[in-house]
Amino acid sequence: MWDYQPMWYDVPLYEAEHFATIEKDGWEGSRISLCVPLTGVYMVTASHRLADGFTIDQVDPARFFPEAAVLKVSPKGPGEVVTRKELEALGVTIRRGDAALVSTGWDSRQGQPEYVANPPYFERDAVQWLMDKGVSILGGDSPVFENWDEPQGVYEPIDEAGAMILAPLSNLGEIVKSRVKLVAVPLKLQGLCASPCRPFAIEE
Amino acid sequence: MRVIDVSTTLENGMWSYQALVPAITPYQIERIASVEEDGWEVSTIHMTAVTGTYIEAPAHVVPGGKNIDEVPPERFVLDAVVLQLGDKNASEPITLEELEALKADIHQGDALILATGYDRMRDREDFVESSPYIEPEAMRWIVAKGVSLLALDFPLADNFRSPAGITKWLFEADALLMALLTNLREVSRQRVRFIALPLKLKGTSAAPCRALIIEE
Chain V
1 MWDYQPMWYD
11 VPLYEAEHFA
21 TIEKDGWEGS
31 RISLCVPLTG
41 VYMVTASHRL
51 ADGFTIDQVD
61 PARFFPEAAV
71 LKVSPKGPGE
81 VVTRKELEAL
91 GVTIRRGDAA
101 LVSTGWDSRQ
111 GQPEYVANPP
121 YFERDAVQWL
131 MDKGVSILGG
141 DSPVFENWDE
151 PQGVYEPIDE
161 AGAMILAPLS
171 NLGEIVKSRV
181 KLVAVPLKLQ
191 GLCASPCRPF
201 AIEE
Chain A
1 MRVIDVSTTL
11 ENGMWSYQAL
21 VPAITPYQIE
31 RIASVEEDGW
41 EVSTIHMTAV
51 TGTYIEAPAH
61 VVPGGKNIDE
71 VPPERFVLDA
81 VVLQLGDKNA
91 SEPITLEELE
101 ALKADIHQGD
111 ALILATGYDR
121 MRDREDFVES
131 SPYIEPEAMR
141 WIVAKGVSLL
151 ALDFPLADNF
161 RSPAGITKWL
171 FEADALLMAL
181 LTNLREVSRQ
191 RVRFIALPLK
201 LKGTSAAPCR
211 ALIIEE
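Chains as they are written, first to last, in my numbering: chain V, 1 to 204; chain A, 1 to 216.
Bear in mind the hints are in silico, worked out from the structure with no lab data behind them. Here the structure is a predicted model, which is why all the values come from computation and not from measurement. Some clues are possibly wrong.
As the list claims (entries may be wrong) - Derived CB-CB ranges, DEER-like:
#	chain 1	residue 1	chain 2	residue 2	range
1	V	Q110	A	R185	42 to 50 angstroms
2	A	A23	V	K72	44 to 52 angstroms
3	V	G91	A	P72	31 to 39 angstroms
4	V	P151	A	G165	55 to 63 angstroms
5	V	V81	A	D105	48 to 56 angstroms
6	A	Q190	V	K72	37 to 45 angstroms
7	V	D125	A	L20	52 to 60 angstroms
8	V	D132	A	R120	42 to 50 angstroms
As the list claims (entries may be wrong) - Taking lysine-lysine pairs in the PhoX-like style, the calculated list, with each CA pair at most 25 angstroms apart, reads:
#	chain 1	residue 1	chain 2	residue 2
9	V	K181	A	K145
10	V	K24	A	K202
11	A	K145	A	K66
12	V	K72	V	K177
13	A	K168	A	K88
14	A	K168	V	K24
15	A	K103	A	K145
16	A	K66	V	K24
17	V	K133	V	K85
18	A	K66	A	K202
19	A	K168	A	K200
20	A	K200	A	K66
Each residue gets a CB set at the ideal place from its N, CA and C atoms; glycine is no exception.
Bound conformation, chain V alone (with noise of 0.2 angstroms):
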């Protein structure tokens, strides 16, 4: 699978060895190793970032299936801005306690090079309007939100919002409507910034 390593740990991001098998022992063990929050889809909180952040374990279940507005911008090429400009002009109704899901289909670049080291980002005025309307996730289709040349800080309205981060997504292209449920549930991990984890978009 595709990851983060290029750019910054040297350790294995996702490893599963079959300690036992059917054939062998007539039953089917696993054991897997992954890095968190780097490994797949994960959801992320403001403790990824700050000493004093709040850590996966203490989120409320209740956010964890929330009403998700879905924000169909543009297709992005590498290193292109996703503005406040265009979400607003979209005309999505986005309520308080909304996940916001803004797909640029980048997902489409999985596995080439740019995917990681030259993805869109969000300017930092986008993502605090979706915190000002009350957005409790904000899910993307991109493996980071910061623009890596000229960081403006885009994860710091998140922290300051008490909201989470759920990426890099997959196949936000393909939901019909504007509004759906999201559900993004992850594990439990006690002291832990972030979890993986599996959401999936219910179009009711």
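Position chain A against the provided structure of chain V, taking the given hints into account.
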């Protein structure tokens, strides 16, 4: 709407099946980076697929059975029936009579959740070996109900001292098995909504998951 978290917390020092199978290593967190030193927190977690609250798919014991990543997501958000049994102590059986006595309305495709309160023992050394268990007649009844998932607050469905192979019956019926739930005594209704989402681990028969009960 009331949400009850019925998952156990994953933390260093928690219970594991190692007493049963030495190759099952306990859950372990390894800190890679910290906010204080690196400006952000990154950790690696090491665990077996059957850690904490987890779901097992038929490939656990059925050759050619579904792995956890092959189970469609609709099967993880479902209607569930919670059977509040009496508190079970070490090695006590769950009988057909006590299941029937609750007169629950169980539909084909429901999840069935058995509450025995045994999870309160999970700090004991013999927690796994002394698990309450489901008697063969009771498991036949459960399988015949056509449940999609059987969830337990005790670690072994089968009798540890004299296994009857009952978990295989469940998997042969394409049902899923889930353990170890907690907090089930907080559930006040018999019919609830159940969200139990395993990680999408490719090619393994089981995965840890978070489980929530919703009383609407």
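To see whether the hints hold, each was checked on the structure:
With their beta carbons about 44 angstroms apart, Q110 of chain V and R185 of chain A fall inside the hinted range of 42 to 50 angstroms. Separated by about 47 angstroms at the C-beta atoms, A23 of chain A and K72 of chain V satisfy the suggested range of 44 to 52 angstroms. Checked against the hint of 31 to 39 angstroms, the C-beta distance between G91 of chain V and P72 of chain A comes to roughly 34 angstroms, which is consistent with it. Look at P151 of chain V against G165 of chain A: about 58 angstroms separates their beta carbons, and that is inside 55 to 63 angstroms.
Under the hint 48 to 56 angstroms, the C-beta atoms of V81 of chain V and D105 of chain A, about 55 angstroms apart, fit the expected range. Between Q190 of chain A and K72 of chain V the CB atoms are about 42 angstroms apart, so this pair conforms to the stated range of 37 to 45 angstroms. For D125 of chain V and L20 of chain A, the hinted distance range of 52 to 60 angstroms is satisfied, since their beta carbons lie about 56 angstroms from each other. Between D132 of chain V and R120 of chain A the beta carbons are some 45 angstroms apart, a value that agrees with the proposed interval 42 to 50 angstroms.
Pair hint K181 of chain V plus K145 of chain A does not hold up; C-alpha atoms about 30 angstroms apart against a cutoff of 25 angstroms. At most 25 angstroms may separate the alpha-carbon atoms for a hinted pair to count; K24 of chain V and K202 of chain A meet this at roughly 20 angstroms. A threshold of 25 angstroms between alpha carbons decides the hint, and for K145 of chain A with K66 of chain A the separation of about 21 angstroms falls inside it, so the pair holds. Among the hinted pairs, K72 of chain V with K177 of chain V is consistent with the structure: their alpha-carbon atoms are about 10 angstroms apart, no more than 25 angstroms.
About 23 angstroms separates the Cα atoms of K168 of chain A and K88 of chain A, which keeps this hinted pair within 25 angstroms; it holds. The suggested pairing of K168 of chain A with K24 of chain V holds, with an alpha-carbon distance near 17 angstroms, which does not exceed 25 angstroms. A hinted pair counts as satisfied when its Cα atoms are at most 25 angstroms apart, and K103 of chain A with K145 of chain A qualifies at roughly 13 angstroms. Taking the CA atoms of K66 of chain A and K24 of chain V, the gap is near 18 angstroms; set against the 25 angstroms cutoff, the hint holds.
A threshold of 25 angstroms between alpha carbons decides the hint, and for K133 of chain V with K85 of chain V the separation of about 14 angstroms falls inside it, so the pair holds. Between K66 of chain A and K202 of chain A, the direct Cα distance comes to roughly 11 angstroms. Compliance with the 25 angstroms bound is thereby established for this hinted pair. Straight-line distance between C-alpha atoms of K168 of chain A and K200 of chain A comes to about 22 angstroms, which keeps the hinted pair within the 25 angstroms bound. Restraint check for K200 of chain A and K66 of chain A: satisfied, since their Cα atoms lie roughly 13 angstroms apart, inside the 25 angstroms limit.
Checked against the numbered hints above, the structure breaks only hint 9 and satisfies the rest.
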